Every structure is written in C-alpha cells, then in structure tokens.
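Per our numbering, the very first residue in the sequence shown carries number 83; after that it's consecutive.
Simulated from the structure, these hints should not be mistaken for laboratory data. Do not rely on the hints blindly, as some may be mistaken.
[As the list claims (entries may be wrong)] Straight-line alpha carbon distances no greater than 20 angstroms define the calculated PhoX-like cross-link-like pairs of lysine-lysine that follow:
hint, residue 1, residue 2
1, LYS268, LYS302
2, LYS233, LYS152
3, LYS268, LYS307
[Claimed, not checked] Derived CB-CB ranges, DEER-like:
hint, residue 1, residue 2, range
4, ALA129, GLY319, 53 to 63 angstroms
5, THR163, THR299, 25 to 35 angstroms
6, PRO134, SER305, 29 to 39 angstroms
7, GLU252, THR300, 22 to 32 angstroms
8, PRO241, PRO221, 35 to 45 angstroms
9, GLU330, GLN236, 17 to 27 angstroms
10, LYS165, GLU252, 10 to 20 angstroms
11, GLN236, LEU358, 33 to 43 angstroms
12, GLN354, LEU159, 11 to 21 angstroms
13, LEU156, SER298, 43 to 53 angstroms
14, CYS177, THR361, 27 to 37 angstroms
15, SER336, ARG185, 12 to 22 angstroms
16, SER276, GLN354, 30 to 40 angstroms
17, PRO326, PRO134, 44 to 54 angstroms
Predicted model only: the values in this text are computed from it and were never measured. All residues carry an ideal CB built from backbone N, CA and C; glycine is no exception.
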Amino acid sequence: MGGVTHLIVFLSMFSAITLMSEAQYLLAVTKDEPSRQYYTTVYIGSAAMTSPVNLLIDPGTNLTWLNCRKIKSLSTLGLVTCKSSTCKSIPGNGCDRNTCLYRQLRPLGKNTVVTTGRVVQDNATIFTTEGGQPVHIAPSRRFTFSCAVDKYLQGMAPPIAGVLALSPGEFPFWRQMTSAFNVIPKFSLCLPSSRYGYFFMGTPSLGGKKTVPMTSTTLKIDSGKYLISVRSIYVDGVPLTLDPSLLEGGAQLSTVVPFTVLQTDIYNALAQSFTLRATVLYDKTILSNELINLIFDIRFQILLPSGFLIFRGCIFS
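Sequences are here, hints too, so could you generate the full structure?
Listed below in structure tokens is the structure:
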C-alpha cells in the first residue's frame, strides 16, 4: 500500500445477511496533491470499449454523477424513465417528460449549487480478489448514475469528471455494487497521505499481510451523513464550554473537506476561542474572519495556538 496511511474508514450497512459471498471488490484511490482531493477510476461502458472516468470520492453524495461525455461508447447507456421504480426510489428525483432527473447539492464550493442531470444506467467494471486470487477484472455490472454538465465540475481537480456517491442512502455506488455481486454490504476506504490508497467493497479486509494499526470510534448515521461524536475540544490546553447535545454527532466524516466538517455552532465556538488565543501571538487587528478561516488550513506554516479535538477512541490535533 503506497505511502503512509492517513485515514482508514470502515462503514457498513447490515440488514438480514444470509449466505452472501465473502469476495472482495476494490478500486484504487488516488490523491491529487494540489487540491488534496481523493478520486478513483471507474471503467464505464461495454466490454468492447470501456471508458475510464475519474470520480471524486464523497461520502455525502447519494447518487453518482459525472460528465457523460467522457463515455466513449453509448451503446450500453440507457435512460431511466420517470415512471420506473428506480426513478421513484431515488431521493431528489424529478421528471422531464418521461426522463428521470436527479437533483443534489454539489460537494464543492461555498455557493449552494444544485446539480441536475438525467438518470441513466450503464455497465461498470471494477476489480476483485475473489477466492484469494490476485487482483483481476470482475464481470461488469449495471449501475445507476446521473449525467451532469461541465459547469458542475468547478472546483474539482482537472483529472476528475464527476462524483462517486458513498452515502448511506439507497443508491450509492458501494451499495449498488455489493448488491449486484451479492457480497456483504460493507465498504472501507484507505486514504493515503501521499499518492495511492484503496476502496474496498465486500469483505472488510485491507488486503495483503501487513498489519495496519487502527483506532476505532463510534459512527452515527443520520440524514444521509456519517457522523462521529466529539467528546471535547481544547485550545491551548483550555477546554471549550459546549452544549453536550451539540457534541453528539457533532462532526461529519468528509473526504472532500479532509477529514471532518464540524457542526456550525461547534466551529464558531472553536474559531472564537482560537482567535482569542491567537491575539497573544499576533496583533488582533490582522486577525480578520477571513484570516481565521485560512489559518485553520494546515498548509499554512505559521505559529498558532494548539488545538485538540477528542473523539471516542482518538485525538485529532
């Protein structure tokens, strides 16, 4: 596994599981260094002519969407009709005559932008290690996604042409694939600190014989989001006074904004405390709100107050 493991996330959705295959299916994960965005490559289209499409990994998106112009052959691409059971099951669906539409917030950008596109189906080719064999191509399976136009790709790294949905909803990519291959409905992400990592579906194994040290924390699923609870927050050794109810599920797991998004009230309290402590180090006249937001970005190498977020089982600093 290339690079130092930066974050490992195991996510599972169990219902009544009976006699399911323990095969493992996987895709490689690449980190775009300039943007710090993680993406994977899905091969879409007929077996005779598949098209590699790079998709941003997002655990907050419900249905995969992409620029369908990246698909070279449309011979196996099919529109989902408005009256179909598939269309009716997709949250945020709509209709354009008899064509199913999908609407969802874009994962990037400060402005609230809704992506709208036609819902389609095509073949997806991924990889497997079934039966302990070396990684090889798995038979292609149909999956449902949405077509989007170029303008919705704004803010994404140049190689990326869409978003791979990994939410806990009904139509994320991982759920469609595990159902199609009849494997345990579980997936794991191994996100690298440098270049390459892995996205596994099915059997919860990281592959190989290497032991990866891990610390677990409780995961909460609510409103289509993966949430973790914050036990406490310290700034320069001083604990923040926060309503305990805010801390329960107070941070959302994110790979688009690595690696967590704090609930607004928690973030505001942290920013206020951070600002007060920072005035000891800097002239308060230069500590504007814009600068405070910037210095939370770890790419800025300046002297700052220390901050610790304590979760169940781990500490982030």
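Quick check on a hinted range of 27 to 37 angstroms for CYS177 and THR361, using CB atoms only. Violated, at about 55 angstroms.
33 to 43 angstroms as the expected CB spacing between LEU358 and GLN236, which holds or is violated: About 36 angstroms separates the Cβ atoms of GLN236 and LEU358, which means 33 to 43 angstroms holds.
Determine whether the Cβ-Cβ distance between THR163 and THR299 falls within the hinted range of 25 to 35 angstroms. violated (43 angstroms)
Are PRO134 and SER305 spaced within 29 to 39 angstroms by their CB atoms? holds (33 angstroms)
Hint check for LEU159 and GLN354 - Cβ pair distance inside 11 to 21 angstroms: violated (51 angstroms)
A range of 12 to 22 angstroms was offered for this pair. Does it hold for the Cβ distance of SER336 and ARG185? holds (21 angstroms)
A range of 43 to 53 angstroms was offered for this pair. Does it hold for the Cβ distance of LEU156 and SER298? holds (44 angstroms)
For a C-alpha distance cap of 20 angstroms, please report whether LYS268 and LYS302 respect it. holds (15 angstroms)
With respect to the beta-carbon atoms only, verify the hint that PRO241 and PRO221 lie 35 to 45 angstroms apart. violated (27 angstroms)
Kindly confirm whether 30 to 40 angstroms is satisfied by the beta carbon distance between SER276 and GLN354. Hint holds: Cβ distance 35 angstroms, inside 30 to 40 angstroms.
Hint check for GLU252 and LYS165 - Cβ pair distance inside 10 to 20 angstroms: Roughly 18 angstroms apart at Cβ, these two residues keep to the hinted range, so it holds.
Indicate whether the distance between the beta carbons of GLU330 and GLN236 respects the range 17 to 27 angstroms. With Cβ atoms ~35 angstroms apart, the hint is violated.
Checked against the numbered hints listed earlier, the structure breaks hints 5, 8, 9, 12, 14; every other hint is satisfied.
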